[in-house]
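Novice: With the hints as your guide, set chain B onto chain A.
2 protein chains.
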Amino acid sequence: MKERAALIETALANTVVAHQGPAAPLYESMRYSLLSGGKRIRPILALASCEAVGGRTGEAVGLACAIEMIHTYSMIHDDLPCMDDDDLRRGRPTNHKVYGEAIATLAGDGLLTDAFKVLARCANGSPNARAETVLQTVAELSDSAGSAGMVEGQAIDLLGEGNPMDLARLEYLHSKKTGALFMISVRGGARMGGANDGQLEDLSAYARAFGLAFQVVDDLLDVESSPEQMGKRTQKDQARGKATYPALLGVERSHQLARELIERAQHALAGFGAAAEPLRHLAAYVVERKL
Amino acid sequence: MKERAALIETALANTVVAHQGPAAPLYESMRYSLLSGGKRIRPILALASCEAVGGRTGEAVGLACAIEMIHTYSMIHDDLPCMDDDDLRRGRPTNHKVYGEAIATLAGDGLLTDAFKVLARCANGSPNARAETVLQTVAELSDSAGSAGMVEGQAIDLLGEGNPMDLARLEYLHSKKTGALFMISVRGGARMGGANDGQLEDLSAYARAFGLAFQVVDDLLDVESSPEQMGKRTQKDQARGKATYPALLGVERSHQLARELIERAQHALAGFGAAAEPLRHLAAYVVERKL
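Protein chains in written order, with my numbering: chain A, -1 to 289; chain B, -1 to 289.
Extracted from the complex, chain A is given alone in its bound form (with noise of 0.2 Å):
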């Protein structure tokens, strides 16, 4: 993981650069928030679903650093004072705080226009790299961006505050808001590793049981870690009157489903070989993380 954590860092400091001129602190909150050391899990598991249907890594990488763009221009615009109003995340100040909220939004809508261009600059004409496939990649991406899938989830999160919530309610919200592009990191990987129909069912469970999980011990997380271990405001989504797994099931059941839902996304790599080693490792790693 470390290794392909690695590789990201090195191509998405490469895909947005430095810029001299009178919109330098613009590139410079871009690179702010995009280089500040998440996780990378998106992008890695793109990677890996590359890897799991046979791809070389280096086939995603494009694919890879659109996603993590993406996910991070969701990250600016969610911190600002009109949507969460954070002041911190990653253990540093929100970029809103460094570069004000004007040069943040517009941050925000230059990772999530430039993400565009990262991806279709992807086709090279090679048998799993065809026009054709980049295409269809860059419409389910922006399908798993877009109104359909994580602005339609984050939209249902700020208006929902404090109305009740079922657990039917509460695992469509999260199919949207992070489910869908944990959905696009996986398929696309997949798709641009040349996976075929099957191929791209079986990871397609994958990615839906993963990303629940993830969303599960995320709320896990904000109840019982500290903001010095997080590097962000905890305990937050009580305050609020959020929905959240611990809220509506208790701790002990949330981990149990937590559990449950990682085995189920083991399940459905039972079909892949060695190939798929990357992707239980991250579904592993999901349930025994601590950040």
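Keep in mind that a hint or two might mislead.
Said to hold, decoys possible - Calculated pairs, DSSO-like style, for lysine-lysine (alpha carbon to alpha carbon, straight line, at most 27 Å):
no.	chain 1	residue 1	chain 2	residue 2
1	B	Lys230	B	Lys95
2	A	Lys95	B	Lys240
3	B	Lys95	A	Lys95
What the hints assert, rightly or not - Ranges of calculated distance between the beta carbons of each label pair, as one might list FRET restraints:
no.	chain 1	residue 1	chain 2	residue 2	range
4	B	Gln254	A	Gly229	55 to 63 Å
5	A	Arg54	B	Ala268	45 to 53 Å
6	B	Arg238	A	Arg167	42 to 50 Å
No lab work stands behind these hints, which were simulated from the structure alone. Since the structure is predicted, the reported quantities are computational estimates derived from the model, not experimental observations. Even glycine gets a Cβ: it sits at the ideal position worked out from N, Cα and C.
Specialist: Below, chain B alone, put in the same frame as chain A:
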């Protein structure tokens, strides 16, 4: 122009549809701004440019909608309190005045993201809509709208407020802030209509002159019109110490520059026949427009 605008209205209304369910206000907010009856100059340019190279207007409708979605998102985010802080747009309250800042931010994010799906889905295997062509247009749209284009222009505009600016800098600013979207409208429309390299070059010269003329006239309208005529706040450039063409050149010289630029745009179309009449008409419209 009216006929084309009506075609675009219908296509846009069918592209972003109303939803039921917990995210309904998000879609309402997207539609509120997208379907608020703008002039639709960019999409009409895309259709006219497609036609100028012998394509059918239908071949550029997807691109035209994608560009108008991106233009609309940029208006929503520009109007936010942390950016230009405007209450009025096209004679109606701005998006965040109706839906709140959080949903307005997300509606912008959604329109921007969804635009790439709308464009990507144009590929249908016909000679002018091969995946290679559409993918190249995706890359160019991202480039025009992102941190190397519109977003950069917006950042320069914000960062430069109150600083002295000369004509060369002002032209650079506008080539990014508004020019880049005009450029992709014209070039993308032409590409979807099957343009060759020579045609793309001539049309790029047209788009460059057209975009700049549009901006000069926009600056003049800001000085010479009332808020009632424009449906938005006017004379705000001067209040903020923003450089404008009338401020740098005077009103008379600015009118003359706009006419010269439109002549240059018309000249770039010299090699095109009757099929370029709509583009010629649009260029003439830009200097005559009162809104």
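Novice: Any of the earlier hints contradicted here, and which numbers?
Specialist: Checked against the structure, no hint fails, so every one of them is satisfied.
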